[in-house]
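Undergrad: Full structure from sequences and hints, please.
Quick note, the sequence shown lines up with residues 23 to 296 if you use our numbering.
No lab work stands behind these hints: they were computed from the structure.
We put the beta carbon where it would ideally sit given N, CA and C, even for glycine.
Check before you lean on any hint, since a few could be wrong.
[What the hints assert, rightly or not] So the derived label-pair ranges between C-beta atoms look like this:
#1 R174 with A29: 20 to 26 angstroms
#2 T166 with G248: 25 to 31 angstroms
#3 P82 with R249: 17 to 23 angstroms
#4 R146 with E63: 31 to 37 angstroms
#5 P86 with G228: 16 to 22 angstroms
#6 G248 with R198: 40 to 46 angstroms
#7 D168 with P88: 22 to 28 angstroms
#8 G244 with H175: 21 to 27 angstroms
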Amino acid sequence: MAGRTVALDHPVIIGVVNVTPDSFSDGGRFATTDRAIAQAERLVADGCELLDVGGESTRPGAAPVPVEEEVRRVAPVIEQLAHRGLGPVSVDTRKAAVARAAIAAGAAVVNDVSGLAFDPGLARVAAAAGVGVIVMHMRGSPETMDSLAVYRHVAAEVAAELRAVVDGAEACGVARERLVVDPGFGFAKTAEQNFRLLDELATVAGLGYPVAVGPSRKRFLGAATGRPVEDRDRATAVACALAWQRGARLFRVHDAALAREALRVAAATTTSPT
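TA: Okay, structure coming up:
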């Protein structure tokens, strides 16, 4: 990650820092730079090793944010986090121009929920900068993805589609050791498909790339527990522990303290696949 490395011999927690006014999970609570920095400090204190700063909501039905506005939201936060030595920092974006500005501000990782489909130029920006890249599985866009949740064998199909994404990233110059795959819980998948994917996550791990997961507060956890968005952190922690057992290495969450406890127990009692 631009000269920095993160060891994956233990669960790595990625803390979510949303600077959007319309996030599904925290409703704009951290939409100012000062509030975002304070939240990042809490996340690091609770055990996060990577901070993921996002300026565009990708909840179902969300419309794209203009590049200039997204940069205005994320760049000052990333710059402050880098200046204070908090991080490394990831930028959650689908756009090459935003990624370029974020990297200039100090981001060491680009996290693209579109799997490099939204903006083909993003892979070359990341390759030129030598940063890490997390590519997530999604079909369509936030506006259309729910209509595309059709699979015969969800884990196998997600793995195959991610294989095509990482092959494309490497063809654009992204080094294999800088790539991480994310199966995309909650994106173009029904609740039943999300749980099947979680159970069969070893299929995705079998691609040979580190696996990141982001089940945090997602609808499928609410479907199982009956809990509202703001009360799904315990279910998130359980999902993370199950994902560790099936090969995941990085865990993107809103509540780091609960996830850390669950993952410590999972790591102490299981041998994760290599």
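Undergrad: Does each hint hold? Answer for all of them.
TA: Each hint tested on the structure:
The beta-carbon spacing between R174 and A29, approximately 37 angstroms, falls outside the hinted interval of 20 to 26 angstroms. Under the hint 25 to 31 angstroms, the C-beta atoms of T166 and G248, about 28 angstroms apart, fit the expected range. In this structure, P82 and R249 meet the distance hint of 17 to 23 angstroms, their C-beta atoms being roughly 18 angstroms apart. For the hinted restraint 31 to 37 angstroms between R146 and E63, the CB-CB distance of approximately 34 angstroms keeps it satisfied.
The given range of 16 to 22 angstroms is broken by P86 and G228, whose C-beta atoms sit roughly 33 angstroms from each other. Distance hint for G248 and R198: a CB-CB separation of about 42 angstroms, consistent with the stated range 40 to 46 angstroms. Between D168 and P88, the C-beta spacing of about 24 angstroms keeps the proposed range 22 to 28 angstroms intact. G244 and H175 have their C-beta atoms about 25 angstroms apart, which keeps the hinted 21 to 27 angstroms range intact.
Hint compliance for this structure: hints 1, 5 are not met, and every other hint is.
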